[in-house]
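Mind docking chain P on chain H? Use the hints.
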Amino acid sequence: EAGVAQSPRYKIIEKRQSVAFWCNPISGHATLYWYQQILGQGPKLLIQFQNNGVVDDSQLPKDRFSAERLKGVDSTLKIQPAKLEDSAVYLCASSPSFGTGPNYGYTFGSGTRLTVV
Amino acid sequence: RKEVEQDPGPFNVPEGATVAFNCTYSNSASQSFFWYRQDCRKEPKLLMSVYSSGNEDGRFTAQLNRASQYISLLIRDSKLSDSATYLCVVNPGRYKLSFGAGTTVTVRA
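The listed protein sequences derive, respectively, from chains H and P. If you count by the numbering used here, then the first sequence holds residues 2 to 118, one letter each, in order. If you count by the numbering used here, then the second sequence holds residues 4 to 112, one letter each, in order.
With the rest of the complex left out, here is chain H (with noise of 0.2 Å):
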């Protein structure tokens, strides 16, 4: 079964500028996740679509952030302008459905480093 896939690994932006990061979940997940983990802290979650809606993105700076999942499948996430403090990871995962957890079939991707200098 093919992983949760993110592109790309690696991001240096200058602050102020924008990028976007895209991920591709497993398969049939239904439950898509943006996580930001910073050096030294664990992952936090910035918004999670189930199929093409929002369920949660309590925790998204939206004057910044937008992210979107507009066929319910491959979702990306935008940031503009950014700031230094946004270098970060920021890991997406996917899950069958709603509400499950890692127990099942929770997966993360390998992550998209990015660095705001």
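Worth double-checking, as some hints may not be accurate.
What the hints assert, rightly or not - Sample of chain P residues with no beta-carbon within 10 Å of chain H, all distances over it, derived: (1) D10; (2) F63; (3) K82.
What the hints assert, rightly or not - Quick list of the computed label-pair ranges, beta carbon to beta carbon: (4) H/V74 <-> P/T109: 35 to 43 Å; (5) P/R69 <-> H/E15: 42 to 50 Å; (6) P/D60 <-> H/Q81: 38 to 46 Å; (7) H/S28 <-> P/R69: 33 to 41 Å.
Bear in mind the hints are in silico, worked out from the structure with no lab data behind them. Everything numeric in this text was worked out from a predicted model, so none of it was measured. Just so it is clear, CB atoms sit at the ideal spot from N, CA and C, and this is done for glycine as well.
Below, chain P alone, put in the same frame as chain H:
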């Protein structure tokens, strides 16, 4: 107060030693609990779930104390390959997973 707190370590132990560490969680209504392993520059991967009665998976033993709101992980007969960051993960309800900042374990030859 953070939802999940862990001792960051590092725990530096020789091969063959036993190492144990805890995490505490703030939401008493939390429903399920997990330990994840994260290698340097890799994504987190599920190590094991934590059940109320305690559970083992090979050299790994997890315990849950709901009254005191903490979870523990014990690693017996440590291997070099056990060197990693161990993330404590709590489901406080519904779909959400809350991650601790991780405990770093380094096993030396």
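Results for each hint:
1. D10: holds (13 Å)
2. F63: holds (15 Å)
3. K82: holds (23 Å)
4. H/V74 <-> P/T109: 35 to 43 Å: holds (40 Å)
5. P/R69 <-> H/E15: 42 to 50 Å: Between P/R69 and H/E15, where Cβ atoms are some 48 Å apart, the hint holds.
6. P/D60 <-> H/Q81: 38 to 46 Å: With a Cβ separation near 44 Å, P/D60 and H/Q81 satisfy 38 to 46 Å, so the hint holds.
7. H/S28 <-> P/R69: 33 to 41 Å: holds (37 Å)
The structure meets every hint from the earlier list without exception.
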